[in-house]
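Trainee: If you want the building blocks of each chain, they are given just below.
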Amino acid sequence: MAATATGTDRTVHAGVGGGPRPRNGNGFHKNGEGDDVPFRFSPARYRIGVWAAIGSILMLFVALTSAYIVRSASSDDWRRIAMPKILWVSTALLIVSSITIELSRRSLKSRHDAAYSRWLLNTVVLGVGFVASQLIAWRQLVRQGVYMASNPYNSFFYLLTGAHGLHVLGGLGALAYLVLTTRRVAKSIDGELRRTGAADAVAIYWHFMDALWIGLFALLMFWK
Amino acid sequence: MGRLLGIAIWLITILSVWMFVSGKWWFPPAITTHGPQYDRQFLITIIVVGISFAAAQIGLGWVVWKYRDSGDKQRATYSHGNNRLEVVWTVITAIIFISLGIMGQRVWASLQLTKVPAGAYTIAVTAQQFSWNFHYPGKDGVFGHTDPNLIDDSSLNFVGLDDTDPNAKDDSVVATLAIPADRPVELILNSKDVTHSFFVPQLRFKQDLVPGMKIHVHFTANKVGKYELACAELCGMNHYKMKAYMLVLPQTEFDELVALPQAQFQARQAELLNKYQLPNY
Amino acid sequence: MAEATHAEVHRHPAPTSFIRKYIFSLDHKVIGIQYLLLALAAVIVGMIMSVLMRVNLSWPGTHIKIMETLFPQGAPGGVMTPEFYLSLVTMHGTIMVFFVLTTAPQGGFGNYFLPIQIGAEDMAFPLLNMMSFWVTLVGFVVILTAIFAEGNATVGGWFSKLGTSFAGGSGTVGPIGGWTGYPPLSALGPIAGPGQGAGVNLWVISIAIFCVGSLLGALNFITTLLNMRTRGMTLMRMPLTCWAWFTTAILALLSFPVLLGGGILLLLDRIAGTSFFIPGGLYVSGNTVPLHNGGSPLLWQHLFWFFGHPEVYIAILPGMGATSHILSTFARKPVFGYRAMVFAIFAIGMLGFFVWGHHMFMSGMSPYSAVAFSVLTLSIGVPSAIKTFNWLGTLWGAKIRFTTPMLFSIGFVSLFVAGGITGLVLGQSSLDFFFHDTYFVTAHFHLVMGVASIFGMFAATYFWFPKMFGRCMNEGIGKIHFWITFLGVYAIFVPFHAMGLLGMPRRYAQFTEYEFLKNSKGLVTFVTVAAIITVTAQVLFYFNFFWSMFKGAPASENPWEATTLEWIIPSPPPHDNFAGIIPTVFHGPYEFSVPGAPNDFIMQTDGENIVAEAGGSNGGNGHRH
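Residue numbers (the numbering used here), protein chains in the order written: chain A, 2 to 225; chain B, 298 to 578; chain C, 520 to 1144.
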């Protein structure tokens, strides 16, 4: 693909490293604005960021899960314990909270700010409930003499639920941020795009926390 | 500057190739049946490596010399590349590299993917910080039972041999490895504390000893003599002097040795260590 | 309209206080320089450690007075103990790999130049960016603390109060375990010997902190590149540096969490009595170890190397990107095979995730998996070869200007070939029977990581210094620095191959115990002398760097006559990079020597009809400034 310089007014095609001009630019201008509009925030930024974060958090749990699987096969001292029943409550709380955050996101999209706030607060409450139920489960186990080091299954139980719980706390922090700063309409277009972008991103993260919990729960309940 | 750089690159190339080709620093001669095959594979590889290395460096030195800006008004050649050339050199490289890779599995397969040959003599090797223990099954050919809970270095029970097991009575646990020449040897490798690694350069063989695992390996040595065994996995402060000797003995001498009970076994090994010399390095 | 949009553009107006400008800055340029300064400090520590190691190996029993004063227990009479040596090995590796090779190329130059090269005014998440640096710095402080936690009785005493696994003051200068920290040695704690107490805990904690910092950075790079490219900056018009930073960020994003997972498990084994990596039935230092059972030492190796292999590509890819960029600029030629280069960067990155087992051929893992890992490893050589051919192709027919950055980039190609080519030996499982854990391995990875990668950074420094600081580095001193370093690193690391051929094992504090090593003495001494000279010569670089920052010749906006977006803005750039203007890109990044163009370079933002406008003439090399 060599260059062709001609004497006419047509564009020089500068080859692969150059190439034809894109018709509508790049992600920047997907909002349909023209060429003259300066740098503008696009909600894709938060979305890409949260998916990248999800990718890395997922890898952490993939690592811990594969350690779980390997370890369960590497010796004969692997003994599963009976899972505290309250963990079923945890699961229910988290699933419902996914529903509420989705409802809040849709309300925001259809510009019902009061509904948005309400469902957001509900999500926070359910999230706090989830963490509380996890702590209750831990306390129950400790009272039964189930400690971290007593047996590899225990170690993983505490580790996986603890790691997940920490990330849920992070999500709660993000939700708190949304509650504190995004309940009212923003003053500019840029601000409004950020508001919706942030809510979308936190919702995606929250759904991931839910799906992750279901995966870990299934692993702890059913593997070996 | 271009000429200087070109010359420097060529000189470095010549010196580096010389370092390999001179033979001044090379493996000690191999003493196993798989040794010649190993050495051949290495030779083929290092020739490919050497040619690729030299060609790339000479090429680099040449372009750097030839295409230096000599101050004239000519511009550089405007080119974004040549797809055909890309495909050609990619395919050639892929063929060479992947062929090497596949060829490089043969020695591996012969040692790691085959069963222990019939008639092999088995020795259990237990490594610890910072010494080696070689457990022989004795005249009955059966290893006595060992239990980690019975290990007690201070009373010289290094591998936890169980006295109550009749099979253990004729076992010997010694600090020098003795193996027969021209007969397959199976080693069962284990460690008491941390990961170590069994390495004798002449054997063209290495294997980690991992606590909690009993790793079976086998090879056949074919040159009588005395050799040094070095630990090749960082195991603590005296990793650098975790040394043992390996004796490769003629069949009859070996059979006599391993039939001896513990104390005589060790005494005989001490004699043999004096009888055989290390290779001339 | 302009008012309102400007208010939208300036999310964070330029800071005014010293602290907001230079310490807790949200500006990617300041953060980039902070990363570079961190790397410059860390590499001094790493180099000093390596010289001490070399002196110990060549002249055992050497008295070094200052060591006696600082570390009387680990170096009584100024002579280092074997465990002291091993802790130097560990710290040298850890500090160099993490705090030099994973900071400067990506966090340093990437942070500074990725946004500018794609036409953005900052990274996607400036606050996260700032946090990523400070988290990394905290990690560095923690690893340095490990030196004193083990090396100093008082500091060690403080740590000992935290628990048995935190026992300090064993006399080493940090943990003993190599940068790879294999359990059970690293998991058993002080019963396994000196350097297994507080130093190891701090090492794990430092690395865990580093993982977090790295992940925050990776997230930023990926989002910025995907979301914030300016008008006309399609993916295929990005400089190769951007492609390299992008791929590196993906590698970091997916591999560091695995290291973090492994590190958490190791820490739990040490302080919480778990048995992820510690099997049962152990007898250590005269005592049975009752508390652990069933763990797998190999599990650590899998987790570590799943991270560890992508990590080495994280260390080299930015250097490859910079090399392509700088070679093209000073050859006055487009990069040969831009598309193939992008493909190769991606192929190296992705394949890098599937070859970790080649670090474990001898580990006791399944020999069948070794076959798969081995063949895959040799295939990674193919994209690397493509890149090498293309670099040569870029130089063919060129008009080379031998500036200092160019010298280092050419040096990169030479060193990358030298180091990479021995991968053909080490990647074969059969050949690893001899070479695993010998100096042949050390030769290989030092040439690619410890030298080629560093040359990439030197090239980048000399190249971008004028832009970052508005002043030029001294070319004369730069060239002397290049020559001594180039010849020096070859003199140091080529002989390592010879040592490997003799069978010399790694991580040996002395070579005095084995007859089969006796022919190595000459090599060892030669290498040490070369190392001392080469390390000393780096003073030239440091002097040049810091002196030129204040006293160097003032730089114009495009002193190298380069084409990419960083060269259209002032040196140094204003706070928001492009002063509110949106650059529009019409050309690819390497339009040099285009026939008919008025100059021998077309900037990416030059008008699309620049050749036609010049009347299609083969005008001479009109200089722009």
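It is worth saying that the hints were derived from the structure and are not from the lab. Keep in mind that the hints are not guaranteed to be accurate.
These stretches of chain C come out as covered by chain A in the derived footprint (C-beta under 8 angstroms, 3 or more residues) [unchecked claim]:
1. 776 to 786
2. 804 to 816
Pair ranges (Cβ atoms, derived) [what the hints assert, rightly or not]:
3. C:Ser804 to A:Asp77: 22 to 28 angstroms
4. C:Lys998 to B:Pro326: 56 to 62 angstroms
5. A:Asp77 to B:Ala472: 28 to 34 angstroms
C-beta: ideal position from N, C-alpha, C; glycine also.
Trainee: Looking only at beta-carbon atoms, does the pair Lys998 (chain C), Pro326 (chain B) fall within the given range of 56 to 62 angstroms?
Mentor: violated (47 angstroms)
Trainee: Just to make sure I understand the rule, a stretch counts as covered if three or more of its residues have a C-beta closer than 8 angstroms to a C-beta of the chain. Does the region 776 to 786 of chain C meet that for chain A?
Mentor: n = 7 at 8 angstroms, threshold three: holds.
Trainee: Is the gap between the beta carbons of Asp77 (chain A) and Ala472 (chain B) within 28 to 34 angstroms?
Mentor: 33 angstroms Cβ-Cβ, so the 28 to 34 angstroms window holds.
Trainee: At a Cβ distance under 8 angstroms, does chain A reach at least three residues of the region 804 to 816 of chain C?
Mentor: holds (count 5)
Trainee: Cβ-Cβ distance between Ser804 (chain C) and Asp77 (chain A): within 22 to 28 angstroms?
Mentor: holds (27 angstroms)
Violated hints amount to a single one, hint 4; each of the other numbered hints is respected by the structure.
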